[in-house]
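*Asks:* Make the full structure from the sequences, and use the hints.
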Amino acid sequence: MRISRRLVLGAATVSVLLIAWALLTMVTDTISTGRFPSPLQFWQSAKQILTVGYADGTLIQHALHSLKLVIMGFLVAIAVGVPLGLLMGWSRRAEALINPVFLLIRPIPPLAWIPLAILWLGLGDAAKIMVIFFAAFVPSVINTFTGVRTIEPHIIEAARMLGTGRWRFVREVLVPAAAPMIFTGLRLSLQASWTTLVAAELVGALAGLGRVLNMAQQDIYPAMVMVGMAAVGVLGWGTTRLLAEVERRTMPWLTP
Amino acid sequence: MASPVNLPLSKIEGFILGIVGLASFLGLWFVISASGLVPRQFLPTPLDVVARTFHLLTEPFAGATLPMHLAKSLERYTYGFLLAAAVGVPLGMAMGWFRWLDDIVTPIFDGLRFIAPIAWVPFAALWFGTGIGGPIMIIFSGAFPPCLISAYRGARYVDGKYIEAAQMLGTSNLRTIVDVLLPASFPSIVAGLRVGAGLGWQSLVGAELIVASAGVGYMMVQGQSNVSTPTVVAGMIAIGLVGLLIDVALRQMEAFVRRRRGLA
Numbered sequence: 001m002r003i004s005r006r007l008v009l010g011a012a013t014v015s016v017l018l019i020a021w022a023l024l025t026m027v028t029d030t031i032s033t034g035r036f037p038s039p040l041q042f043w044q045s046a047k048q049i050l051t052v053g054y055a056d057g058t059l060i061q062h063a064l065h066s067l068k069l070v071i072m073g074f075l076v077a078i079a080v081g082v083p084l085g086l087l088m089g090w091s092r093r094a095e096a097l098i099n100p101v102f103l104l105i106r107p108i109p110p111l112a113w114i115p116l117a118i119l120w121l122g123l124g125d126a127a128k129i130m131v132i133f134f135a136a137f138v139p140s141v142i143n144t145f146t147g148v149r150t151i152e153p154h155i156i157e158a159a160r161m162l163g164t165g166r167w168r169f170v171r172e173v174l175v176p177a178a179a180p181m182i183f184t185g186l187r188l189s190l191q192a193s194w195t196t197l198v199a200a201e202l203v204g205a206l207a208g209l210g211r212v213l214n215m216a217q218q219d220i221y222p223a224m225v226m227v228g229m230a231a232v233g234v235l236g237w238g239t240t241r242l243l244a245e246v247e248r249r250t251m252p253w254l255t256p
Numbered sequence: 001m002a003s004p005v006n007l008p009l010s011k012i013e014g015f016i017l018g019i020v021g022l023a024s025f026l027g028l029w030f031v032i033s034a035s036g037l038v039p040r041q042f043l044p045t046p047l048d049v050v051a052r053t054f055h056l057l058t059e060p061f062a063g064a065t066l067p068m069h070l071a072k073s074l075e076r077y078t079y080g081f082l083l084a085a086a087v088g089v090p091l092g093m094a095m096g097w098f099r100w101l102d103d104i105v106t107p108i109f110d111g112l113r114f115i116a117p118i119a120w121v122p123f124a125a126l127w128f129g130t131g132i133g134g135p136i137m138i139i140f141s142g143a144f145p146p147c148l149i150s151a152y153r154g155a156r157y158v159d160g161k162y163i164e165a166a167q168m169l170g171t172s173n174l175r176t177i178v179d180v181l182l183p184a185s186f187p188s189i190v191a192g193l194r195v196g197a198g199l200g201w202q203s204l205v206g207a208e209l210i211v212a213s214a215g216v217g218y219m220m221v222q223g224q225s226n227v228s229t230p231t232v233v234a235g236m237i238a239i240g241l242v243g244l245l246i247d248v249a250l251r252q253m254e255a256f257v258r259r260r261r262g263l264a
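Chains as they are written, first to last, in the working numbering: chain V, 1 to 256; chain H, 1 to 264.
Hint data in this document are derived by calculation from the structure and do not stem from the laboratory.
Computed from a prediction, not measured in an experiment: that's the story for all the values here.
Hints may contain errors.
[As the list claims (entries may be wrong)] Taking CB as the label site, the calculated pair distances span:
{"#": "1", "chain 1": "V", "residue 1": "Leu242", "chain 2": "H", "residue 2": "Gly27", "range": "37 to 45 angstroms"}
{"#": "2", "chain 1": "H", "residue 1": "Glu164", "chain 2": "V", "residue 2": "Leu64", "range": "51 to 59 angstroms"}
{"#": "3", "chain 1": "H", "residue 1": "Leu47", "chain 2": "V", "residue 2": "Leu18", "range": "43 to 51 angstroms"}
[Claimed, not checked] Derived list of chain V stretches under chain H, where covered just means 3 residues or more per stretch with a C-beta under 8 angstroms from a C-beta of chain H:
{"#": "4", "segment": "60 to 71"}
{"#": "5", "segment": "96 to 106"}
[What the hints assert, rightly or not] A few chain H residues facing chain V, derived, Cβ under 10 angstroms:
{"#": "6", "residue": "Ile16"}
{"#": "7", "residue": "Val20"}
{"#": "8", "residue": "Phe25"}
{"#": "9", "residue": "Leu91"}
{"#": "10", "residue": "Ala94"}
{"#": "11", "residue": "Trp97"}
{"#": "12", "residue": "Leu112"}
{"#": "13", "residue": "Arg113"}
{"#": "14", "residue": "Phe114"}
{"#": "15", "residue": "Ile149"}
{"#": "16", "residue": "Arg153"}
{"#": "17", "residue": "Gly198"}
{"#": "18", "residue": "Met220"}
{"#": "19", "residue": "Gly223"}
{"#": "20", "residue": "Thr229"}
{"#": "21", "residue": "Ile239"}
Glycine included, C-beta positions come from ideal geometry on N, C-alpha and C.
*Replies:* This is the structure in structure tokens:
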């Protein structure tokens, strides 16, 4: 009963909005289509970028380009960030050594690295990966670190008492016990990666969804802006779902 | 592997290790740029950056000095953040109280949630221009979701007995929201404001990099196109510092609120 009511009201809201959108832009002209596209324009732009292409590529090419960069930057960042977080969580010495440097870098928002990345590496893929790296690195370190520090001491003591070897300890105690927090970090990292990539591509890029948005802005082409935004949203949703699925399969003991 | 895991270091050992870590980081940076391994134009030494920062405090770059750019950024930020809080918190509270509003707003909110705040930049520029309106909209879209969600959660998960008591006494909807839900969910709201403030500040940087004509982000973009790396790094430091100050201020506020309510 609850769910169906929610579903009905939700579907009703969305359809009312869609109808209002169509009416206001196409029938009554209350909203100027120079500022906000009509559903028809949106559809035509979507068809244009899917078949003919826009900003030197079709939607699929741009989306794949952005997706590739996000995944590469994200993987590099977590490949460095998660082990670093494990190390800092495990050893107080490593924490004392690394933490001050980390505190220095941490308050700088990921987007603030963009000008430096462009200055160093230009407008190509390398600069984007550098920016995504900084965006995804910080949350993965912090959460992995917290995950290790909040492991219950008796788990660690039990493993020690049984004389568990170093690698086995890391593989079978440390990582699984910290896994929920590590995944929280990965989720935040992935979100930060997307946001940062879109920003970096808006500042300057040769391909990608951000470039589509940028070109559409310069051409004053609101319908294409909307298509670009929709693509950004769909891909963001898709990658988040994918990570949730990986999380579910990696930690079957947490799913009811 | 000899020592137990969670044994804290002595204060002195921790301090010395911290200094060693910082010194090796700055030392490595200094050596790489001073030795010419990387052209100094692209990697200025830490000293160059400090000198440039002080220079920017008095000498204008890209039309204004660093404090003037910062003031411009903070002005936009304040408007955007206050707007997000002023819309997000009441809406969230109302959604937590009125089920029908929740059912109506949630699908729209979920649909928009996955669009990164930065992706609104082209529309923001088109609708509100690049002066103050456009950036404010971007800051708003960054700070709004946490404000809404935390107020919603706060109001939704208020201990049922308070609400029952209020309803038994015949309290009106509005009074229930203001006198029962608001005080009960205050800690959650403050926590959400802190998260929103952080995200809003990040979005501001992005907005200024792309569309603004003044502000710290604009200064950095100008520094980038003039290949003035020290200016860019000085901007990063200024943004980091201000972001840190905002976070510390709101953290204090959060701790204060929690203490007052006996939650700490």
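*Asks:* So, H/Arg113 near chain V? Judge it on the closest CB pair being under 10 angstroms.
*Replies:* Holds - the Cβ of H/Arg113 comes within 10 angstroms of chain V, reaching about 8 angstroms at its closest.
*Asks:* Does H/Ile239 pass the interface hint, meaning its C-beta sits closer than 10 angstroms to a C-beta of chain V?
*Replies:* Nearest chain V Cβ about 5 angstroms off; hint holds.
*Asks:* Was the hint right that H/Phe114 lines chain V, CB cutoff 10 angstroms?
*Replies:* Holds. Min distance 4 angstroms.
*Asks:* Would the stated hint for H/Met220 survive a check requiring a Cβ distance to chain V of less than 10 angstroms?
*Replies:* holds, 5 angstroms
*Asks:* Do three or more residues of the segment 60 to 71 of chain V come closer than 8 angstroms to chain H, measuring C-beta to C-beta?
*Replies:* violated (count 0)
*Asks:* Is the interface hint for H/Ala94 satisfied, with its Cβ closer than 10 angstroms to some Cβ of chain V?
*Replies:* It is violated, given that the least Cβ distance between H/Ala94 and chain V is near 15 angstroms, above 10 angstroms.
*Asks:* Given H/Phe25 as an interface hint, is the shortest Cβ-Cβ distance to chain V below 10 angstroms?
*Replies:* Hint holds; H/Phe25 Cβ to chain V Cβ min 5 angstroms, cut 10 angstroms.
*Asks:* Check, residue by residue, whether the segment 96 to 106 of chain V contains three or more positions whose beta-carbon lies closer than 8 angstroms to a beta-carbon of chain H, and give the verdict.
*Replies:* It holds: at least three residues are needed, and the segment 96 to 106 of chain V offers 7 whose Cβ sits within less than 8 angstroms of chain H.
*Asks:* Measuring from the C-beta of H/Thr229 to each C-beta in chain V, is the shortest one below 10 angstroms?
*Replies:* With a minimum Cβ separation of about 6 angstroms from chain V (threshold 10 angstroms), the hint on H/Thr229 holds.
*Asks:* Can you verify the interface hint for H/Leu91: is its Cβ closer than 10 angstroms to any Cβ in chain V?
*Replies:* violated, 15 angstroms
*Asks:* Holds or violated: is the Cβ of H/Arg153 closer than 10 angstroms to a Cβ in chain V?
*Replies:* violated, 17 angstroms
*Asks:* The hint names H/Ile16 as touching chain V; please verify it with the least Cβ-Cβ distance against 10 angstroms.
*Replies:* Check passed: Cβ of H/Ile16 comes within 8 angstroms of chain V, closer than 10 angstroms.
In summary, the numbered hints that this structure violates are 3, 4, 9, 10, 11, 15 and 16.
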